[in-house]
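Numbering follows the numbering used here, in which position 89 of the sequence shown is assigned residue number 95; successive positions increment by one, without gaps.
In case anyone wonders, no lab produced these hints; they're calculated from the structure.
One thing to keep in mind: the hints can contain errors.
As the list claims (entries may be wrong) - Listed next, with one range per pair, are the computed distances between beta-carbon atoms:
id	residue 1	residue 2	range
1	Ala230	Leu152	18 to 28 Å
2	Cys44	Ser210	20 to 30 Å
3	Asp226	Leu87	28 to 38 Å
4	Gln49	Lys92	19 to 29 Å
5	Asp51	Asn174	40 to 50 Å
6	Cys218	Asp275	36 to 46 Å
7	Leu26	Gln120	30 to 40 Å
All of these numbers come straight from a predicted model, not from anything done at the bench.
Don't be surprised by glycine CBs; every beta carbon is placed ideally from N, CA and C.
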Amino acid sequence: SSEYAEAPEVEYEVPRYRLLNLSPDCGTLFQWKGSTGCNGGPQLDQPLQTDRPNFTSTSVTVGKGVTQIEFGYTYLDSEELGADVKYQSFGEILFRRGIVADWMEFRLSFSPLQQSTEAGLFQNTTFGSQDLGLALQFALTPQQGLLPEMALITSMSVPTGSTAFTANQVEPGVDLIYAWTINDFLNVAASTQGYGDVDDSGESFLEIAQSCSVGYTLTDKLGAFTEWFVLIPSGARTARTEHYFDAGFTYLITNNLQLDMSAGVGLNDAADGFFVGAGCSIRFP
């Protein structure tokens, strides 16, 4: 019979490629691999970072113990089922409060709303409020070279609105924001969202949204942006994909106080006609 020598056991170590390092004591929840110390996070000695006035949310949290309030007004003109429909949003209140750590913030949003409908001789005006929005935002990473600054917003709407404007159900949502500062003049931010919605037939569906916003620092006080975003209904009976373009200006009165104005247009038949708005944001460090 043949004899076989027993082969020696060889241990192989599987290399671990970790792109992120957990950093709960920093201004962001993670740091990119290769970074030294804590980078990113809120900077209270710099101008406030706001959600207003564009569609893309900010990738920076306000900071632990900091309160920021954003509010404004929007007028929107649309055509729905052959009727001329106008919306006015009064307040558009967004309350932001840093909790637990610099990388985590609580958000509450609410807005009264007026809808005016005209179809031939028929005219109707409805005033009420939208559903209450609750959210948590997490600052995930700072920017490091080509690697973006990122944040995640988990949200839900609570059916507290008026009969004409409520969804009558809790609608969850998630929003991933990623941004790059190119130079002192130019920055780019984008977001990918998914959230529950209800179409005109009363059926629930998943709304997917994608946006890309380019910001311009014109002076120390004056900023501007241009933006494209799309709303894609998945599983809806009546809702169709809507494309939009908007642009606007921001004016910084102090590092903690900013004014804004913006306007946008629908780019396809399914989209609303146009909208204009203005607002203000205040930070309380």
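Honestly, which of those hints from before does the structure not fit?
-> 2, 3, 4, 6 and 7
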